[in-house]
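Chain residues, written in single-letter form:
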Amino acid sequence: AAGVIQSPRHLIKEKRETATLKCYPIPRHDTVYWYQQGPGQDPQFLISFYEKMQSDKGSIPDRFSAQQFSDYHSELNMSSLELGDSALYFCASSPTDSGRSYEQYFGPGTRLTVT
Amino acid sequence: GNSVTQMEGPVTLSEEAFLTINCTYTATGYPSLFWYVQYPGEGLQLLLKATKADDKGSNKGFEATYRKETTSFHLEKGSVQVSDSAVYFCALSENRGSTLGRLYFGRGTQLTVWP
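Note that the protein sequences, when read in sequence, are chains B and X. Note that the working numbering has the first sequence beginning at 54, numbered continuously upward. Note that the working numbering has the second sequence beginning at 2, numbered continuously upward.
Since the hints were made in silico from the structure, they are not lab data. We put the CB at the ideal spot given by N, CA and C, even for glycine. A portion of the hints provided could be inaccurate.
Unchecked claim - Partial list, computed: chain X residues near chain B (C-beta under 8 Å): (1) F35; (2) Y40; (3) E43; (4) L47; (5) F90; (6) L104; (7) R108; (8) G109.
Said to hold, decoys possible - Negatives, chain X to chain B, calculated, CB over 12 Å: (9) A18; (10) A28; (11) T29; (12) D55; (13) K69; (14) E70; (15) T72; (16) S73; (17) E77; (18) K78; (19) F106; (20) T113; (21) V114; (22) P116.
Same shape as in the complex, but just chain B:
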């Protein structure tokens, strides 16, 4: 069965640089979620999209932006990177029917290291 695809799997950037993370949801899943998991921490919700519109926003820094495209893939853009942005970034997708969300399927994550 198809799973959530994230790219790249690993990314190393320097402070103040920009990074773009990509997420390809499971086919026919119209909702995408982004989470950030710091070292030894629980995943924290960043942002979600439903049918290409932002549906919910969590603790996402203003330096970050995201969008969902017409093919439902999503990109998380991170600018002016800081050391504290080093984390595992997960994307998850779910099908949504009449506003009721189903369980989320997670990708393998992108490990971002800022030096």
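Position chain X against the provided structure of chain B, taking the given hints into account.
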């Protein structure tokens, strides 16, 4: 607000031992409850879920019962295997409202099973 409190780890057990990982929650509405498992180097996988009070989720020998009176969703397994070694996350999501679908995670419990 919504939050999940999970038993601190790490938990170390011998093969075939009984496992309990405690999880309690605080929610403003009527959440769905989940257990996710994270194997080394991999993304989060849904282990089991329960969507309303008194529901029991079960999968691969793991069980958890949604207890509204004690706001708990403890994970249990009667006989653990070495292959169960992983990090386990308890999580909740609201079933309605503007944060529909957003997952709130506990801190995670590292389980190590020795042969």
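Each hint, compared with the structure:
1. This hint holds: F35 of chain X has a C-beta 7 Å from the nearest C-beta of chain B, less than the 8 Å allowed.
2. The beta carbon of Y40 of chain X comes no nearer than 11 Å to any beta carbon in chain B, farther than 8 Å, and the hint placing it at the interface is violated.
3. The closest approach between the C-beta of E43 of chain X and any C-beta of chain B is roughly 6 Å, which is under the 8 Å cut-off, so the hint is satisfied.
4. Satisfaction of the interface hint for L47 of chain X is found here, the shortest Cβ-Cβ separation to chain B being roughly 5 Å, below the 8 Å cut-off.
5. Taken as an interface hint, F90 of chain X checks out: its beta carbon lies about 7 Å from the nearest beta carbon of chain B, inside 8 Å.
6. The interface hint given for L104 of chain X holds, since its Cβ lies 6 Å from the closest Cβ of chain B, which is under the 8 Å cut-off.
7. Of the supplied interface hints, the one on R108 of chain X holds, with its beta-carbon coming within about 5 Å of a beta-carbon of chain B, less than 8 Å.
8. Given hint, G109 of chain X at the interface with chain B, holds; its Cβ is 6 Å from that chain's nearest Cβ, closer than 8 Å.
9. Remark: the non-interface label on A18 of chain X is consistent with the geometry, its nearest Cβ contact in chain B lying 25 Å away (cut-off 12 Å).
10. At roughly 15 Å, the least C-beta separation between A28 of chain X and chain B is larger than 12 Å, which holds for a residue marked as non-interface.
11. With a minimum CB-CB distance of about 15 Å to chain B, T29 of chain X clears the 12 Å threshold, and the non-interface call stands.
12. The Cβ of D55 of chain X lies farther than 12 Å from every Cβ of chain B, with a closest approach of about 19 Å, so its non-interface assignment holds.
13. No beta-carbon of chain B is positioned within 12 Å of the beta-carbon of K69 of chain X; the least distance is around 20 Å.
14. No beta-carbon of chain B comes within 12 Å of the beta-carbon of E70 of chain X; the shortest separation is about 25 Å.
15. Look at T72 of chain X: its CB is around 18 Å from the nearest CB on chain B, clear of 12 Å, so calling it non-interface holds up.
16. Residue-level check passed: S73 of chain X sits 18 Å from the nearest beta carbon of chain B, beyond 12 Å.
17. The non-interface label for E77 of chain X is consistent with chain B: the shortest C-beta to C-beta separation is roughly 20 Å, beyond 12 Å.
18. The claim that K78 of chain X lies off the interface holds: its Cβ sits roughly 20 Å from the closest Cβ of chain B, which is beyond the 12 Å cut-off.
19. F106 of chain X, annotated as away from the interface, has a beta carbon of chain B within 12 Å; the closest lies near 4 Å.
20. Remark: the non-interface label on T113 of chain X is consistent with the geometry, its nearest Cβ contact in chain B lying 16 Å away (cut-off 12 Å).
21. The non-interface label for V114 of chain X is consistent with chain B: the shortest C-beta to C-beta separation is roughly 20 Å, beyond 12 Å.
22. Distance to chain B confirms P116 of chain X as a non-interface residue, since its nearest Cβ pair spans about 26 Å, more than 12 Å.
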